[in-house]
Amino acid sequence: MQLQLIITTPNGIFFNEKVDIVTVVTAGGHIGIQYGHQPLISTIEISELHINTEGHKDYRICSINGGLLYVEKDKANIITGAIEFKEDIDIEKARREHDYLVEILSNSKNKDSDYFRNELKLKKVINRLKISSNSTQSPKK
Numbered sequence: 030m031q032l033q034l035i036i037t038t039p040n041g042i043f044f045n046e047k048v049d050i051v052t053v054v055t056a057g058g059h060i061g062i063q064y065g066h067q068p069l070i071s072t073i074e075i076s077e078l079h080i081n082t083e084g085h086k087d088y089r090i091c092s093i094n095g096g097l098l099y100v101e102k103d104k105a106n107i108i109t110g111a112i113e114f115k116e117d118i119d120i121e122k123a124r125r126e127h128d129y130l131v132e133i134l135s136n137s138k139n140k141d142s143d144y145f146r147n148e149l150k151l152k153k154v155i156n157r158l159k160i161s162s163n164s165t166q167s168p169k170k
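My numbering applies: residue 30 is where the sequence shown begins, and numbers increase by one.
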């Protein structure tokens, strides 16, 4: 039996398929969710997310900008502000964003709300860059 994984963003449904396992990083650490998992509600950290679907030897790797996870016996729902598959990450754009944010943060005189917003954006960009440079191979569509 497989788990129905639904990942929703503000732009709509990002992913809606049956999977063997999805691995996420929650506030409590890494967890793998399969069909029959105990009910769970948790936050997801800015991190790497792995999806293993039937017929694929390797995991699909995603960069996720945090979110919420709701698990039932046969279904897992993830709600996130942004997620993308590793192969879809625009590395040059991410590098430009990284350099821009580092410059803004290094020139900040005080730690106001803009500083913390930019710091969070930088964490998300660093996550995307880390995942895009990860040597793990993900299967082609």
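The set of hints was computed from the structure by calculation and includes no laboratory data.
Backbone N, C-alpha and C define an ideal beta-carbon position, used for all residues, glycine too.
A hint or two may mislead.
[Said to hold, decoys possible] In silico DSS-like pairs for lysine-lysine, Cα to Cα no more than 27 Å straight-line: (1) K115 - K150; (2) K104 - K122; (3) K152 - K140; (4) K102 - K47; (5) K140 - K159; (6) K150 - K138; (7) K140 - K47.
[Said to hold, decoys possible] Per label pair, the in silico range of CB-to-CB distance: (8) G65 - N147: 39 to 45 Å; (9) K140 - A111: 31 to 37 Å; (10) S71 - G41: 18 to 24 Å.
Hints, one by one, checked against the model:
A C-alpha spacing of about 18 Å is found between K115 and K150, which places the hinted pair at or below 27 Å, so the restraint holds. Restraint check for K104 and K122: the C-alpha separation of about 34 Å exceeds 27 Å, so the hint is violated. This hinted pair checks out: K152 and K140 have alpha carbons roughly 16 Å apart, not beyond 27 Å. With a CA separation close to 13 Å, the supplied pair K102 and K47 stays within the 27 Å bound.
At most 27 Å may separate the alpha-carbon atoms for a hinted pair to count; K140 and K159 meet this at roughly 26 Å. Between K150 and K138, the direct Cα distance comes to roughly 18 Å. Compliance with the 27 Å bound is thereby established for this hinted pair. Restraint check: the Cα-Cα separation between K140 and K47 comes to about 44 Å, which exceeds 27 Å; the hinted pair is violated. The supplied range of 39 to 45 Å is met by G65 and N147, whose beta-carbon atoms lie about 42 Å from each other.
In this structure the supplied range 31 to 37 Å is violated for K140 paired with A111, their Cβ-Cβ distance being about 24 Å. Separated by about 23 Å at the C-beta atoms, S71 and G41 satisfy the suggested range of 18 to 24 Å.
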